[in-house]
Amino acid sequence: MTRRVRRWVLAVGGAGLAALLVAACPALPPFGGATHPYGDRVVHESLARQTANTIASVNFDQRAFDTLGELGILFASVIGTVVLLRQTRDERRAAPEPAAVSLPVRRYALIVLPVALLTGLYVVAHGQLSPGGGFQGGVVAATALHLLYLGADYRALENVRPIGLYEVGDALAASGYLVTGFAGLLGGTAFLANTLLPYGTFNTLASGGTVPLLNAAIGMEVACAVVVLLARFLDQAVEIEKESGS
Amino acid sequence: MNHLLPLLVAAPLLGAALLVAGGRRLPRAVAEPVGCVVSAGTAALAIVLLLNSSPPLVEWVGGWAPKDGESVGIVLVGDGPGLGMAALASLLTLAALVYSWRYFDEPPRRHAGSFPALMLLFQTGMCGFAVAGDLFDAFVFFELMSVVAYALTGHRVEEAKAVQGALTFGVVNSLGAYAMLLGIALLYARTGELAMVKIGRGLDAHGGPDALTLAAFVLVLTGLLVKAAAVPFHFWLPDAHAVAPTPVCMLLSGVLVEMGAYGVWRVYGTVFDGPGGIPAADVERALVVLGVLTGLVGAVMCWYQRHIKRLLAYSTVAHMGLFVIGIGSLTPEADDGTALYILGHAGVKAALFACTGILLDRYGSVDEHALYGRARSLRGVAVLFVLGALGLAGLPPFGTGLGKAVTEEAVGGPLSVVFVVVSAVTAGAVLRVAAHVFLGAGPEPRDVSAYETTGIREEPETRHRLSRVPDTMTVVPALLLAGSLAVGAVPGVARLVGHAVSEAGSGGAFTSPHWTPAGVLLGLLSTVLALGLAALAVSRPEPFGEQPWTEPLRRLQSGHIGDYVAWTLAGATLLGALALPGILS
Amino acid sequence: MDDPLIVVALLLVAACATAAVAVRDPERQALVLAVLGTALAVLFTVLQAPDVGLSQLAVGSALTPLLLMLSVRKVRRRERGKGRTR
Amino acid sequence: MMSVLPYLVAVWIFLTGCYGIVTSRNLIHAVGCLAVCQSATYVLLLAVGYRDGGTAPVFSDVEPGSRPVVDPVVQALALTDVVVGATVTALLLALVIQVSKRHGTVDPDELSELRG
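Residue numbers (my numbering), protein chains in the order written: chain Z, 1 to 246; chain L, 1 to 585; chain D, 1 to 86; chain C, 1 to 116.
Hints may contain errors.
Under the rule of at most 20 Å between Cα atoms (straight-line distance), these lysine to any residue pairs were calculated in the SDA-like manner [stated by the list, open to error]:
#1 L:K67 to L:R201
#2 L:K67 to Z:R49
#3 L:K67 to Z:D40
#4 L:K67 to Z:H44
#5 Z:K242 to C:R102
#6 Z:K242 to Z:R86
#7 Z:K242 to Z:A94
Computed, partial: chain D to chain C, Cβ under 8 Å [claimed, not checked]:
#8 V21
#9 R24
#10 Q29
#11 A30
#12 F44
#13 L47
#14 P50
#15 L68
#16 R78
Computed list of chain C residues with no C-beta within reach of chain D, every gap over 10 Å [to be verified]:
#17 E63
#18 G65
#19 S66
#20 D109
#21 E110
#22 E113
#23 R115
Note that these hints are calculated values from the structure, not bench results.
Virtual Cβ for every residue (Gly too), placed ideally from N, Cα, C.
Chain Z on its own, in the form it takes in the complex:
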């Protein structure tokens, strides 16, 4: 299609959809309304299971099956990216030049790195209590590791980052989540049932039954997945080159 035809199709389609959606907006309950039946039930159940962060209770207990699917998506995209960004027959690796990093930047990165890593771990560990959890903490920890790229250089990063191990870690974390689920089933209740462990004392680290376990599994999964994803892209951006002369 020519650009003009494309614009016309877009104009018609966009205008129609816009009209439809805008017409639907006034029919929605007004913003800030007080009716949230599902939400109210969720809060009730979360408190009954001693989980202070309701969102953690939804993600890792009440709707833990959604999180299982999401874990699958994350896992699939990691394998997918590894497969899609593999080194093909017509490509070779070029060792990157050691980059000269100015001393203040290096110091800054090396100081921030442990802090950021610890922050990530803290955020994962307190998932069932305060805002945050496996998703957020995992991303923070994985990104923190890449401060090494800033602080030292690419080769230093490669040394602390054996990608194969992170791939295995990713898979083990996923298995851990599933095994916890199976334990619920074998324990006599149902898949992913949070009935095996005591619910503990409200607002402590060991509260919420299996919520902290699943949360930790997701934290590990996300951290490993992000490390592998970033590594694959860095690899492409920095190392892999097309074979010259082919």
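Place chains L, D and C on chain Z using the hints.
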């Protein structure tokens, strides 16, 4: 028994995780059997559950069974159609894994487990979507099967066409999924629930349909119809299916797009069915119009292809049109017919792709013109290919024939003409390919159009060009065809399918689909028409070759992501316009 | 009390989203997307969703732009390499 | 106006993102626009779950029952959605990189392998 429902998801996912956890040392000789065993185990589980699915199984994951009718958990519904789709997806995954056994492309270095792991994840996504009774949960697994499908489609990264097709597939389908999620958010805003049945009740409690119901309907169906490749959401399909590795094509055409149609059936029946949903007449109008358009566009485009996989992909588009008509006519008999048709079609289409894969690996081409007369020695494959083509036409007693006959009778009138024409034209195109490639019949086809995709210079998917066809690659299509035949020929199957579909759909009114003389005649008519068309096209290429009037239609299929997204928006508008009258009155 | 804050955050998000589409250079778009991610994180915090805000901050304003930048770098490097061998 | 503004913003973001994909001249830019489209879903979800005067549904420093809380379900859904979005973006970008390698361009107008 219902406690086992989540295992349909958990088992293949665990298998995939273990394959990756095996790490870089895992040899291919271990990875592939593990993949097959896990896939087969899941398939067995799906079948066992299917046989116990009357009355339908209901499982609240995590033991969150409703208290006073209210639950906070996720519900899985294991009824006949859901578990049937899960079983179909599992069996096809198994077939694809066996087909790719040992011969499929060299795995990425030190990642021998990645291909079987992705296939298992694909199975996970499809099973999860099939048994989902919660709308957001359905979205999550919908997204899972899509994500895996993008990665698998682009698996052969050294092929320019493959990566482009996969990217188009990814962008268009992701956009569709986001539209669906917007629709889910609208429904949640209105009803405050996520379980499909409860959303439906919430809509009914709110009163008649209004702009919000329509918007939610359009958004959710846009997501599902993109997957189901209904015109004008279909452009991504030929681009993706034609370039994916053959075992993946078998799954994409055999069951993935059908999941979209299944989703439409499920969501309409549970969410938009009641007095608060979209009136039946409007849904029927919208789906039947889109279905007829899809069938005709798919059939025309199918006829004019020379890239054999692309031709098969368009025939999938055309058949999806028929399935959408079947679902859209909203009668229990049409639902039965469509279910049988989907089962039969899956076997036939997967077998045809499998045969094409053999051609690719043997001759390094999937181009009808380039392969002219070259495959004379492959007699066994030729027989399978022709049988597949006849199955596509709906020759009794193939399952496709029974499904087509039952649906035709249910929709009646001019719509059954569409069924006959579409099945005859698509099967005719496949038979024409068979005559050219396996027999070298007629004059050698000449290149006419400049605006087309050829199948010359494709890389074989096996490590070396095959000198002899491995047994697994011929046994699999043969079994698939046998399965398709069994759906139509074994009387019990049709009765079971009819029982399962009516139990889940209409509830109470049981139907029993069976062969009728009229159905047999229509099936024979389609087959004879297909044979005639193929014979004419081979003997007299001129009047059946490229026609000027198809040129604009071909130019729409431009391979341009922007075009496809623009059409997706236009399609959503069309859907809204078609369903609008009931809201206004 | 919250309302003006919510309105401002919403308008900020809408403006950033428009800018992210209007900026045609992918490298600059990545930066605008990072700003959009932050704006969204602010909006989510104002809407009392600190969990989502936090993950949006980590993903939307760091991870996604980073991936975009790396892709741009890869694509540019190829184009430069092509220019050199010609 | 306030009662529908957040919804309208979500609609605006979604359509703007679609416009961006259709008119994009660079596939990386198109993937970025897709990420914009997706942010519409987060905005809509959280807007739907907001409650006037509500606080975050986290009870580590709020006495349960003392104040109304906003809907936690949509937050959990949005959280899932954010992660899904990032992974899909990563996968699509990986495909864009391969497209640039195999086609030598990332301009969708110049890709002409698949047509007809």
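Hint check:
no., hint, in the structure
1, L:K67 to L:R201, "holds, 17 Å"
2, L:K67 to Z:R49, "holds, 16 Å"
3, L:K67 to Z:D40, "holds, 14 Å"
4, L:K67 to Z:H44, "holds, 13 Å"
5, Z:K242 to C:R102, "holds, 11 Å"
6, Z:K242 to Z:R86, "holds, 13 Å"
7, Z:K242 to Z:A94, "holds, 10 Å"
8, V21, "holds, 3 Å"
9, R24, "holds, 6 Å"
10, Q29, "holds, 5 Å"
11, A30, "holds, 7 Å"
12, F44, "holds, 6 Å"
13, L47, "holds, 5 Å"
14, P50, "holds, 5 Å"
15, L68, "holds, 6 Å"
16, R78, "holds, 6 Å"
17, E63, "holds, 16 Å"
18, G65, "holds, 17 Å"
19, S66, "holds, 15 Å"
20, D109, "holds, 13 Å"
21, E110, "holds, 13 Å"
22, E113, "holds, 18 Å"
23, R115, "holds, 23 Å"
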